[in-house]
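Line by line, the protein sequences give chains Z and S. Heads up: the first sequence is residues 1 to 113, going by my numbering. Heads up: the second sequence is residues 1 to 114, going by my numbering.
Do not rely on the hints blindly, as some may be mistaken.
Calculated pairs, DSS-like style, for lysine-lysine (alpha carbon to alpha carbon, straight line, at most 27 Å) [unchecked claim]:
id: 1; chain 1: Z; residue 1: K105; chain 2: S; residue 2: K57
id: 2; chain 1: Z; residue 1: K69; chain 2: Z; residue 2: K52
id: 3; chain 1: Z; residue 1: K69; chain 2: S; residue 2: K57
id: 4; chain 1: S; residue 1: K9; chain 2: Z; residue 2: K105
id: 5; chain 1: Z; residue 1: K69; chain 2: Z; residue 2: K105
id: 6; chain 1: S; residue 1: K57; chain 2: Z; residue 2: K3
id: 7; chain 1: S; residue 1: K57; chain 2: S; residue 2: K9
id: 8; chain 1: Z; residue 1: K3; chain 2: Z; residue 2: K54
id: 9; chain 1: Z; residue 1: K69; chain 2: Z; residue 2: K54
id: 10; chain 1: Z; residue 1: K105; chain 2: Z; residue 2: K3
id: 11; chain 1: Z; residue 1: K105; chain 2: Z; residue 2: K54
id: 12; chain 1: Z; residue 1: K69; chain 2: Z; residue 2: K3
Pulled from the structure, derived: some chain S residues nowhere near chain Z, Cβ distances all over 12 Å [claimed, not checked]:
id: 13; residue: L11
id: 14; residue: I12
id: 15; residue: R18
id: 16; residue: G28
id: 17; residue: L30
id: 18; residue: L61
id: 19; residue: S65
id: 20; residue: Q67
id: 21; residue: F69
id: 22; residue: S79
By construction, these hints were calculated from the structure, which means they are not laboratory data. Glycine residues also receive a C-beta, built at the ideal position from the N, C-alpha and C atoms.
So you can see what is in the structure, the chains are spelled out below.
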Amino acid sequence: LAKTTQPISMDSYEGQEVNITCSHNNIATNDYITWYQQFPSQGPRFIIQGYKTKVTNEVASLFIPADRKSSTLSLPRVSLSDTAVYYCLVGDIWGGSNYKLTFGKGTLLTVNP
Amino acid sequence: DSGVTQTPKHLITATGQRVTLRCSPRSGDLSVYWYQQSLDQGLQFLIQYYNGEERAKGNILERFSAQQFPDLHSELNLSSLELGDSALYFCASSVGQGAWETQYFGPGTRLLVL
Chain Z
1 LAKTTQPISM DSYEGQEVNI TCSHNNIATN DYITWYQQFP SQGPRFIIQG
51 YKTKVTNEVA SLFIPADRKS STLSLPRVSL SDTAVYYCLV GDIWGGSNYK
101 LTFGKGTLLT VNP
Chain S
1 DSGVTQTPKH LITATGQRVT LRCSPRSGDL SVYWYQQSLD QGLQFLIQYY
51 NGEERAKGNI LERFSAQQFP DLHSELNLSS LELGDSALYF CASSVGQGAW
101 ETQYFGPGTR LLVL
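Chain S on its own, in the form it takes in the complex (with noise of 0.2 Å):
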């Protein structure tokens, strides 16, 4: 168990709908970081989180957002939902911000388009 805690871990939906994904990360943890993974992209990583603030964007689309909260929680938010958007959507934490920093992932969501 890394600590970090995503919900839901399955998510069914249908084209064109919202949803959000969220995750809670180790006590401590001040990053927030969201991936991608599809069995043909491998793990993309999509935004990262510090403190609140954003830090560094990935290949994230315009159709998705994500946010840190002042507890430090974060959502994710996919909207104008594709079938390719199926994905599991892993949540990661780390103390601090730079790219070395040991990342602690959560067990994911996984999000299956109809």
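Just chain Z, same shape as in the assembly (with noise of 0.2 Å):
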């Protein structure tokens, strides 16, 4: 499973857009790129996936470059209840006895008034 990296923190503005992004150097052909969101006590929620170059939900868009390499969770105009976890998860169809499900640190996204 690719591994993946993420900023720890982010602070951001009410009404602002905020940019999120991932890195995952080693994904694979068949990886799909997921984001869930999670706030405190609670447990994640799925916000979108992708494979390749742009997917857009009514909550956010995910922004894949041609190599995939990397994402961006792009959250538009943010609300104070924007104030969560955000973590980016990249997985295959195929996972073997070995795989493993890695979630990581997440980005701990505060969206300050």
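Using the hints, build the complex out of the two chains.
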């Protein structure tokens, strides 16, 4: 499973656009990129998933360059309620007996008023 | 509400004891995952079951074991508990078994070992 690297924390203000970048230099051909959001004392919640180029849903956009060695989660016009930890997860459809699902430490996004 | 249920919500026990955590996946989901989250370790994958069979194993201690029953609910057994086992334990479920599957997390069980 590809190792991911994210910033430990980020600060923003209400109404701003926030971009969180995840590096995954060893991403494999079959790997998908998935982002989760976690509030304190709650389980992570799926935000968005992509394979290449750009994906957009009602809450976020995911930008993936052609080499797929990184991805950027974009949150438009954040609010205080977007304060959470954001995890980047890279995985493939074929796991095998030794693959591990690694969420890592995530990025703590703090949105200030 | 993700549709995944976990019981109990809270559990307080003593060192050396054994506890069982229970998880019911979303209707139709065949995979169940178990995670441990502590303040210093982040979210750690423990084990995955798919349709009753062990599918992948992560950082699960030998003192811990899990199983998935024919009705697809799962149990995580923690034995010879140590202080360091105090953590939030999450269960998640997904339709399929691939690592790219969207996982739906339950509310977690908070375990405190005294």
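For each hint, the structure was consulted:
1. K105/Z <-> K57/S: holds, 19 Å
2. K69/Z <-> K52/Z: Distance of about 10 Å is within 27 Å: holds.
3. K69/Z <-> K57/S: holds, 26 Å
4. K9/S <-> K105/Z: holds, 24 Å
5. K69/Z <-> K105/Z: holds, 19 Å
6. K57/S <-> K3/Z: The given pair, whose Cα atoms are some 17 Å apart, holds under the 27 Å limit.
7. K57/S <-> K9/S: Judged against 27 Å, a Cα distance of about 24 Å means the pair holds.
8. K3/Z <-> K54/Z: Measuring from Cα to Cα gives roughly 21 Å; hence the hint holds.
9. K69/Z <-> K54/Z: holds, 14 Å
10. K105/Z <-> K3/Z: holds, 12 Å
11. K105/Z <-> K54/Z: Status holds; Cα separation ~25 Å.
12. K69/Z <-> K3/Z: holds, 11 Å
13. L11: The claim holds: L11/S sits with its nearest Cβ about 15 Å from chain Z, beyond 12 Å.
14. I12: Its Cβ never comes within 12 Å of chain Z, the nearest being 16 Å, so this holds.
15. R18: holds, 24 Å
16. G28: holds, 16 Å
17. L30: L30/S is indeed farther than 12 Å from all Cβ atoms of chain Z, at 14 Å.
18. L61: holds, 15 Å
19. S65: Non-interface label on S65/S holds, nearest chain Z Cβ at 17 Å vs cutoff 12 Å.
20. Q67: holds, 17 Å
21. F69: The claim stands: F69/S keeps its Cβ more than 12 Å from every Cβ of chain Z (closest is about 21 Å).
22. S79: holds, 23 Å
Going down the numbered hints, you'll see the structure goes against none, and every one checks out.
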